[in-house]
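If you follow the hints, you should be able to join the two separate chains into one complex; please do so.
Each protein sequence line maps, in turn, to chains A and B. Numbering-wise (our numbering), the first sequence opens with residue 228 and increments by one. Numbering-wise (our numbering), the second sequence opens with residue 110 and increments by one.
Honestly, the hints are just simulated from the structure, not real lab data. Mixed in with the good hints there might be a few duds.
Unchecked claim - Just the calculated beta-carbon pair ranges, DEER-fashion:
| hint | chain 1 | residue 1 | chain 2 | residue 2 | range |
| --- | --- | --- | --- | --- | --- |
| 1 | A | Arg-312 | B | Arg-136 | 54 to 60 Å |
| 2 | A | Glu-450 | B | Leu-255 | 52 to 58 Å |
| 3 | B | Cys-336 | A | Asn-476 | 29 to 35 Å |
| 4 | A | Leu-473 | B | Pro-309 | 57 to 63 Å |
Unchecked claim - No farther apart than 25 Å at their CA atoms in a straight line, the calculated lysine-lysine pairs in the DSS-like style are these:
| hint | chain 1 | residue 1 | chain 2 | residue 2 |
| --- | --- | --- | --- | --- |
| 5 | B | Lys-207 | A | Lys-328 |
| 6 | A | Lys-332 | B | Lys-189 |
| 7 | B | Lys-207 | A | Lys-331 |
| 8 | A | Lys-371 | B | Lys-196 |
| 9 | B | Lys-130 | A | Lys-232 |
| 10 | B | Lys-121 | A | Lys-232 |
| 11 | A | Lys-331 | B | Lys-293 |
| 12 | A | Lys-236 | B | Lys-293 |
| 13 | B | Lys-130 | A | Lys-340 |
| 14 | B | Lys-228 | A | Lys-328 |
| 15 | B | Lys-130 | A | Lys-236 |
| 16 | A | Lys-371 | B | Lys-218 |
| 17 | A | Lys-328 | B | Lys-206 |
| 18 | A | Lys-332 | B | Lys-207 |
| 19 | B | Lys-181 | A | Lys-328 |
| 20 | B | Lys-125 | A | Lys-232 |
| 21 | B | Lys-228 | A | Lys-331 |
| 22 | B | Lys-293 | A | Lys-340 |
| 23 | B | Lys-167 | A | Lys-331 |
| 24 | B | Lys-206 | A | Lys-331 |
| 25 | A | Lys-236 | B | Lys-121 |
| 26 | B | Lys-196 | B | Lys-207 |
| 27 | A | Lys-236 | B | Lys-181 |
| 28 | B | Lys-293 | A | Lys-232 |
| 29 | B | Lys-227 | A | Lys-371 |
As the list claims (entries may be wrong) - Covered by chain A, according to a simulated footprint, are these stretches of chain B (three or more residues, beta-carbon under 8 Å):
| hint | region |
| --- | --- |
| 30 | 119 to 130 |
| 31 | 201 to 214 |
| 32 | 229 to 237 |
| 33 | 278 to 288 |
By construction, the Cβ of each residue, glycine as well, lies at the ideal position given by its N, Cα and C atoms.
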Amino acid sequence: MRDWKDELKFYEEFLVRRRGWVSRWPQRVVFLYSGGLDSTITIARLLEEKEIEIFPLFINRGQRNLKYERESAYFFEDLFRKKHRNRFHKLREINVNVPPKEIKKGLRGYATKFGYPLRNTILQMVGVQYALSLLENFVGDFEKITSVFCAQIYDDPFPHSTLISLRATTIAVCQNLEEWSWQITSPNIDKYLNLRPMGKIEMIKWALKQQLPIEKTRSCYEENSFHCGICLSCRRRRTAFREAGLPDNTKYLKLV
Amino acid sequence: MDRISNERGILKQLEKIILSKRGYIVRVPRNEPVIFVMSGGLDSTIGAARAIEEWNCKIYPLFIRRHARATKYEEVAFDKISSYFLKKYPNNFYLPKKVEIEVPPLIFKVGLREERLKKLGHAMRNSTLQNLAVQYAAWLNDTQNLNIRTILAGNVKDDFLPHSSLEAYRAQTILICIDQNDWKWQLVSPFIEPYFSGRPLSKKDNILWAIEKGIPLEYTRTCINDCEVADGTCTECKDRIRAFKEAGVEDPLIYQGELKR
Numbered sequence: 228m229r230d231w232k233d234e235l236k237f238y239e240e241f242l243v244r245r246r247g248w249v250s251r252w253p254q255r256v257v258f259l260y261s262g263g264l265d266s267t268i269t270i271a272r273l274l275e276e277k278e279i280e281i282f283p284l285f286i287n288r289g290q291r292n293l294k295y296e297r298e299s300a301y302f303f304e305d306l307f308r309k310k311h312r313n314r315f316h317k318l319r320e321i322n323v324n325v326p327p328k329e330i331k332k333g334l335r336g337y338a339t340k341f342g343y344p345l346r347n348t349i350l351q352m353v354g355v356q357y358a359l360s361l362l363e364n365f366v367g368d369f370e371k372i373t374s375v376f377c378a379q380i381y382d383d384p385f386p387h388s389t390l391i392s393l394r395a396t397t398i399a400v401c402q403n404l405e406e407w408s409w410q411i412t413s414p415n416i417d418k419y420l421n422l423r424p425m426g427k428i429e430m431i432k433w434a435l436k437q438q439l440p441i442e443k444t445r446s447c448y449e450e451n452s453f454h455c456g457i458c459l460s461c462r463r464r465r466t467a468f469r470e471a472g473l474p475d476n477t478k479y480l481k482l483v
Numbered sequence: 110m111d112r113i114s115n116e117r118g119i120l121k122q123l124e125k126i127i128l129s130k131r132g133y134i135v136r137v138p139r140n141e142p143v144i145f146v147m148s149g150g151l152d153s154t155i156g157a158a159r160a161i162e163e164w165n166c167k168i169y170p171l172f173i174r175r176h177a178r179a180t181k182y183e184e185v186a187f188d189k190i191s192s193y194f195l196k197k198y199p200n201n202f203y204l205p206k207k208v209e210i211e212v213p214p215l216i217f218k219v220g221l222r223e224e225r226l227k228k229l230g231h232a233m234r235n236s237t238l239q240n241l242a243v244q245y246a247a248w249l250n251d252t253q254n255l256n257i258r259t260i261l262a263g264n265v266k267d268d269f270l271p272h273s274s275l276e277a278y279r280a281q282t283i284l285i286c287i288d289q290n291d292w293k294w295q296l297v298s299p300f301i302e303p304y305f306s307g308r309p310l311s312k313k314d315n316i317l318w319a320i321e322k323g324i325p326l327e328y329t330r331t332c333i334n335d336c337e338v339a340d341g342t343c344t345e346c347k348d349r350i351r352a353f354k355e356a357g358v359e360d361p362l363i364y365q366g367e368l369k370r
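So that you can see chain B by itself, here it is in the shape it has in the complex (with noise of 0.2 Å):
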């Protein structure tokens, strides 16, 4: 079996089990509260604001300092953001919160090969990231008496590491509506659900509305490395020089050198 077909067998499989459970694999959170995971990055802050132009979602935005290398300017990143979404839309973005914790635990990030990264990615990094926004759901759900049942996550079609396909997404929300004992949870990305209208969204698309909108892609901080100035040559750089340069448009960032195309 292939990869494509082997991935569409566990798909099917993971939906038919949510289906059952629910009657629906996965649905718009209209004028919804939602946790939204935000990174600083270009596609979680596109993700947030169409989320609300689109859906007129109330976005609860959750920071994770995870301890990755480049952990403090996507903090920068996200804090320019949220001062402009929170001015942009009072009614639909709230107060940030930011938590701390390694994901993964840095002693075990040592040694791991690059080309097992490449493939990939960090072992369950993305899952631990949803789940600590399911904790910071129940904290609110809790606390300020909300009923916050979707969790959103910005990966776009684009994305090729297991960890942000749509089998992961599933397996996601089974584990979620498992431990939380309630089938009403829900782990989307704005961008790669089939079964919303005018989806899977690449980043090129998202580029082009976000330009359409006014969002200041400037502000984004999409470089893994610890350099305050995007570096232009990790794959990350690269995907996103790529995807304005597909869009036709040109990318507000400045980057090292003589890189940028």
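Okay, chain A solo, but in the shape it has when bound (with noise of 0.2 Å):
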């Protein structure tokens, strides 16, 4: 194959074939949802531009900044219902260490440059469980789940942030479970899911337009109740805010 777009494309090529579609709106999905500035925009334009009902689940997988993305995670579910209560559900936290914590610490330098290995395919994975659960166990008449959503853009960097990595989980996920009605995607950058594709620029923009108080989402990895500022998350988030010529409101405790 000669480049990405190649293989992107037989990948999608694969799943016409076995089911006759690449990706598909759903009705319901379940929802990574982690109090991040891009998951939180996300889902605030799934609401607003969609017909769609959301179970949004936050992993508790031993990060340094939980309480401050819980702290958002919880902001924004509040906010959310409030506008939205039959279509966003209660917010499910659940804990799982990804990376498990006895690898973690000696994975953190590995990690700066190349992101923990497979960890959003773990926490996808994990969202496919909580849909199965959710089917088993909930009452009354409920429409099967096979939608996994997260929240990546073209902008993110590693390489498990792809379309090509959401196509092979999606595969990977089909195989296991000998359904091809699961896809696992991010709404952000999958073109067949026709809802405009957006960087975090264009994001900011369109949230400050909704008057969504985004200075509440957390990006920065470290244990500060104020972004540090330096961070590859926080660079990222300011330099999009400043490229976007929009005023940022998040607390910074550094800016180089």
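Here is the structure:
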């Protein structure tokens, strides 16, 4: 295969041969929600622009900034449920250490360069497990959920954040469950979902236009109540606000 | 399309992707360091021994406390086997690593239908365990300057769940390579690879091989239930009893009651 576009096309043709489509709009979806800028704005967009029912899943994966990600996630849960009570379900929180704490410390150096290996994939698989448990435990008439959404965007730097990775995860999930209706994807980058793709800058512009209090979202990896301003995630956040030419009301510790 | 031809179609397509990316589908990790996800069970125990005896692999064993019903008994079995292998293969079997993570999260196991579990197993369980093995490999590569690119797991040709099939191994290999941005990675079972000579191998084949090599199979744990002595009635126990019977040798395990034969 010559390049990533050829490779992506190969996985998408594979899915079309198996089920006749690559991705499609679901009625219900499990959404991996971190309380971050991208996942918060993506959920807001879905609620505003699409008729979709969202089951948000917050994973306590042993992150240093847990307290602050959680604060953000519950703040927006409250906000979204005030406006879309029937379509934004209660936030489900679970504990799964990814990577396991026995190896996480030793992986920090690696992670700064490449991200934690297969972290997103493992979290997406937890999303699949949540979708199945909803089916088995929901009282009354309930249509099966076979979609897990995350909020990856084109600007994400690691290979496990790409559309190719999401397509490969979709294939692995369908094969494992012998059911080809599953899709693991991000509406921000999946052209087949027909939601206008957006990068971080556009997302910020959209959110501010909607008067979404995005300064309450959490990007920083560190264990401070303020954003550190210098970690990779803070730098990407600051750059996006600057390039959008919009005010950044985030409270930073350092502005280098 | 029936299930078999359906699966062959999937396998062919998945292998086409791997072949186009690296020119081969799978290779024997001869003389190489590998991660082996070991459960204390029969298959992963024999798999580790075979990978050492036949391929001279350097095994970095990984045990995952996944909070299954039998995990504490599996861990006892794993400890005994590890002690035995550390003495028997001092140059090939390295100090075991244990990590703790619920796979799947216990809260999501509540209410799952037995019928579904029998047909498909726990959703994405094997895949998650294999992904954790990649994390361990990355950790070793980064901190001990190793070059691990192979994850071994102990599925045999008798395994029938979709997540134990060759298709699952190929789909998972693709996923690992994409996420690691490196097409040298592979997920391999020493038993089911049709590209390796004398494969695929069944549980019965492995039992005969292990007995010839003097592997202490009495240390292994097969029963999935929360009981110190294997109950002899769960699917896994029945499979083991059947395989020993087919091999025509005595199972050294003691089972509850008179259910052994």
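Structure-based check of all given hints:
| no. | hint | in the structure |
| --- | --- | --- |
| 1 | A:Arg-312 / B:Arg-136: 54 to 60 Å | holds, 55 Å |
| 2 | A:Glu-450 / B:Leu-255: 52 to 58 Å | violated, 31 Å |
| 3 | B:Cys-336 / A:Asn-476: 29 to 35 Å | violated, 59 Å |
| 4 | A:Leu-473 / B:Pro-309: 57 to 63 Å | holds, 60 Å |
| 5 | B:Lys-207 / A:Lys-328 | holds, 11 Å |
| 6 | A:Lys-332 / B:Lys-189 | violated, 28 Å |
| 7 | B:Lys-207 / A:Lys-331 | holds, 13 Å |
| 8 | A:Lys-371 / B:Lys-196 | violated, 51 Å |
| 9 | B:Lys-130 / A:Lys-232 | holds, 14 Å |
| 10 | B:Lys-121 / A:Lys-232 | holds, 21 Å |
| 11 | A:Lys-331 / B:Lys-293 | holds, 23 Å |
| 12 | A:Lys-236 / B:Lys-293 | holds, 22 Å |
| 13 | B:Lys-130 / A:Lys-340 | holds, 24 Å |
| 14 | B:Lys-228 / A:Lys-328 | violated, 32 Å |
| 15 | B:Lys-130 / A:Lys-236 | holds, 14 Å |
| 16 | A:Lys-371 / B:Lys-218 | holds, 17 Å |
| 17 | A:Lys-328 / B:Lys-206 | holds, 12 Å |
| 18 | A:Lys-332 / B:Lys-207 | holds, 15 Å |
| 19 | B:Lys-181 / A:Lys-328 | holds, 19 Å |
| 20 | B:Lys-125 / A:Lys-232 | holds, 17 Å |
| 21 | B:Lys-228 / A:Lys-331 | violated, 34 Å |
| 22 | B:Lys-293 / A:Lys-340 | holds, 19 Å |
| 23 | B:Lys-167 / A:Lys-331 | holds, 23 Å |
| 24 | B:Lys-206 / A:Lys-331 | holds, 13 Å |
| 25 | A:Lys-236 / B:Lys-121 | holds, 17 Å |
| 26 | B:Lys-196 / B:Lys-207 | holds, 19 Å |
| 27 | A:Lys-236 / B:Lys-181 | violated, 45 Å |
| 28 | B:Lys-293 / A:Lys-232 | holds, 21 Å |
| 29 | B:Lys-227 / A:Lys-371 | holds, 20 Å |
| 30 | 119 to 130 | holds (count 6) |
| 31 | 201 to 214 | holds (count 8) |
| 32 | 229 to 237 | holds (count 7) |
| 33 | 278 to 288 | holds (count 7) |
Violated hints, in rising order: 2, 3, 6, 8, 14, 21, 27; the structure is consistent with all others.
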